[in-house]
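S.K.: As a plain string of letters, each chain reads:
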Amino acid sequence: MTPFRRDAEVLVQGITGREGIFHSRLMKEYGTRIRAGVTPGKGGTQVDDVPVFNSIREAIVRFPMVNVSILFVPAPHCKEAVLEAVENGVECIVVITEGVPQRDTIWLIHYARCHGVMVIGPNCPGAILPPRTKLGIMPAGAFALGNVGLVSRSGTLTYEVGDALRRRGLGVSIAIGIGGDPIVGTTLSEVAELFQDDLYTDAVVVLGEIGGNMEEELAERIESGAITKPVISFIAGQTAPPGKKMGHAGAILQSGSGTAHDKILALETAGVSIAKNPWEIPDIFIKKGKK
Amino acid sequence: MRAGSLAVRIPPLHGGGRRFESDSAHHPSQIYCPVAVLMPMRLFEFESKALLGGYGILVPKGILLEKGTLHLPSSGLKFPCVLKAQVPVGGRGKAGGVVKVNSPQEAEEHLQRIFSLFIGGFPVNSVLAEEVVEAETEFYLSVLVDRDERCYSLVAGSAGGVDIEQTAREDPGSILRTRLSPLKGISDFDIQSVASHLRIGMETLSPLVRAMYSCFLDQDAELLEINPLAKTESGLVALDAKMVVDDSALFRHPLFQKLPPRGQSSEELDAEVVGLNYVAMSGNIGIIGNGAGLTMATMDLVRDKGGDAANFLDLGAGARAERMTEAILFLTKNERVRGILVNIFGGMTRCDEVARGIVAAITLSNPSKPIVVRLIGTNQESGEEILKGAGIGVFQNPHEAAERIVSLVVENP
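As given, the protein sequences belong to chains A and B, one line each in that order.
For the first sequence, this note's numbering gives the first residue as 1, with consecutive numbering after it.
For the second sequence, this note's numbering gives the first residue as 1, with consecutive numbering after it.
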C-alpha cells in the first residue's frame, strides 16, 4: 500500500555526518535494511559495513531495489539532495533535517509530487514499523507492535504516546512523525488515509498542535467518509500565547486562526475522540475496547 | 508630484554600523544598520521600502529620522509630509504613530510626541518622514507563503490601506487570491486576472508584480505586502510596505543577519543569547521539556491541574547535562517563576545526563524554589538514582508531577 513496507530497502543521504553515522547504526541494529549511503566526496568508504557512494546514481547500480531515502543532509543542501533522490527513482524520501528554508521546502515538495514521490518532513523523526523496520530517528524501545496507526506533528510526543501504549500492552502498526515545520511533504490527513488503507491498522491516533489547518483538513476528510477507522486525537498548545513560535516553526497562532480550540471543535464534530492530554490516550483505547 | 527615489540615511543605532548596499537607481544611496547576531523576522517599513526600491518599485521620497531628531533637514522634503513611527508591529496608525504635517513647526511638535510612544510594547527608535503622494486610487497587493495550500499566493484587494483580514471577512468579493505554482513561477495569465480585478493595465501592473515576486523569492520572504499601493500620474507607488523574512534562510542572507533583533521580549532575547528555545508567558510555574509538542502538552497539563505556566522552554533532542543546568539556572533567576516542572521523555536524551544537569544546577544556585522532575526513558534507573541521591523527588507519572508542582507553588506563593 505505501512505500512504508517492512521490506523497504534504504539509502541514507548524508550518512557520513555525525547524525548520519549515529542513526544509520541504530536503524541497522533495529533491523532496517540499510543498503547504501551517499555523501559527495566520500565514495569508496564505509560506515559500519554500509558502502558509501559519491552519488545516488552510483549507489543504485549496486542496489537497484532501493526505494526509500533518508536525508541527514545539512539544510542548505536539502533541495539538491531531494532532487537527486527523485531523479533516481526512489518512492519515498524522509527528510530528517531541521531548518530547511521554506522556499526550498515548497519547491522540493512540488517537484517530488510531480514525479509521484512521497516526502515525509522536513524536520521530522521519520517512521517506524515495529518490530524491525525504522526509517528515522525515534527511540525504537518506545514502540511495540500493535494495530494502532500513530501520526504526529511532534517528535517527542510520538515517543511519549508510543511508550504509553506499550506500557499498557498496546502497540503501533506504523508511527510517523510528519515534522514540525509550517509546510511539510505529507499532512496528517494524508497519513491517516494511508492508515485507512492499511490492513494492519485498526485505529488511528493523531497528535496535532496549534498553527495551520491540517487538523481541520483531517476533520473534513473524516466527515467526507474517506476515513472510517476510529480516530483518537490530542492537540498540544491549548495554553500557547498568540504570535509566538512554540519551538516548532509551524506551531504558531496567527491572526486568531489555528487555535487548539478550533481544531478540537472541528475534530469532535467529525466524531473524533479527543484526549485531554497525551498520557490518557491508552485509557481511551482500553475503555473503548471494553464497550 | 514625482514619487521617486527614497533618500534614506540611517546612522548606526548602537554605534559601529555596517553598510547595507545595493546599486539600483531607486535604492537609497546609503543605509547603515547596526551589527546584531539575532534574527529579524519582520522588517521595518524603511527596510522593506529600501529593498523594493532595489527592484525598481517606486516609493515616496523620504528621510529616516533617528530618535532625538526633532526637525526635518532644511534641504529635505516638501510639505505636506507624513511622519511614520518605525515599529515591527501593526496598529501604529491607531496608536498615533502616523501623522500628516504641513509645516516644520508642526513636524517638530509631532516628532517629540511620536518618539515618546510605545506601540505594541515597542519604543519608537526611528521615524520615516515622507512627502505626501497624491493617489488617484489605492489598492492592496501582497505575495505570501500559503501555508495551507503549500504554495505561494498573490493577494489583490481593490481597496488599499485596509486591514486585509478584516476585509476578507467583511467584503470577500473585493479580494482576489491567485495561487502561484512554485515550479512554474509567475506568468502573465496569473497577473492578468489581478489586472482585471484591480482595473489596472497589464503594462503598468505586470512589471510591478514581477518585481514584487522576484524580491519575495530572492529575499526568502514569507510575506511581502504593499498596502496601500497608490495609482499616481507617475505610476504605481508603494506607500507602505511590510516584509517578513524566513529565519531558516538567514544563512544565505548576510544582510539580514546584521539587522537588529525585533519582536521579542527582553526575557526572550536573554534566552536566545544563551541558546535556549524559549517563550515567555504570564504564569508562575517554570516549564522545561524536551521537544516542542511535549513542552506544550506539559504547559497544558499544568493548567489542567490549576496552575499557570511561566514559560515554554524546549531543551530539544539529545540535550546534555550542561544544557539542562543552563535551563534551570535561567528559570531560577526569573522572579516570576515560583517553581519549576521538568518533564523529560528520554529518547535521544539520556535520563542520567538530565539528572546530572539538574543536580549541578541545584548545587550551583541552591534555589529556594521547588523543582519537580518527571523523567522516563533511556537510562531511567540511573537518572532516578542520581536525583534521589541528591534528595530530589522524581516522578514517572506526569499527572502526579504536575499536581505536585501546582500544590507546592500554590502553598508557597
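Derived by calculation from the structure, the hints in this document are not laboratory data.
Some hints here could point you the wrong way.
Unchecked claim - Footprint (simulated), chain A over chain B, 3 or more residues, beta carbon under 8 Å:
1) 66 to 75
2) 135 to 142
3) 147 to 153
4) 216 to 228
5) 342 to 349
Claimed, not checked - Among the chain B residues that face chain A by a calculated CB cut under 7 Å, a handful are:
6) Phe122
7) Val244
8) Asp246
9) Ala249
10) Met296
11) Arg303
12) Pro398
Backbone N, C-alpha and C define an ideal beta-carbon position, used for all residues, glycine too.
S.K.: Look at each hint and say if it fits the structure.
M.R.: Verification of the hints:
1. Only when three residues or more bring their CB closer than 8 Å to a CB of chain A does the claim for the region 66 to 75 of chain B stand; here the count is 0, and the claim is violated.
2. Under a criterion of three residues with beta carbons nearer than 8 Å to beta carbons of chain A, the stated coverage of the region 135 to 142 of chain B fails, only 0 such residues being counted.
3. With 5 residues carrying a beta carbon less than 8 Å from a beta carbon of chain A, the region 147 to 153 of chain B meets the three-residue requirement, and the given coverage holds.
4. Residues of the region 216 to 228 of chain B lying with their CB closer than 8 Å to a CB of chain A number 3, which satisfies the three-residue condition for coverage.
5. Closer than 8 Å: that is the beta-carbon criterion, and the region 342 to 349 of chain B has 4 residues meeting it against chain A, so the requirement of 3 holds.
6. Of the supplied interface hints, the one on B:Phe122 is violated, with its beta-carbon coming no nearer than about 13 Å to a beta-carbon of chain A, more than 7 Å.
7. For B:Val244, the shortest C-beta to C-beta distance to chain A is roughly 11 Å, which exceeds 7 Å, and the interface hint is violated.
8. The beta carbon of B:Asp246 comes within 5 Å of a beta carbon in chain A, closer than 7 Å, and the hint placing it at the interface holds.
9. Residue-level restraint check for B:Ala249 holds (minimum Cβ-Cβ distance to chain A is 4 Å; threshold 7 Å).
10. About 4 Å separates the beta-carbon of B:Met296 from the nearest beta-carbon of chain A, less than 7 Å, and the hint is met.
11. Using the Cβ-Cβ criterion of 7 Å, the hint placing B:Arg303 at the interface with chain A is satisfied: the shortest such distance is roughly 5 Å.
12. Because the closest C-beta pair between B:Pro398 and chain A is about 6 Å apart, less than 7 Å, the hint holds.
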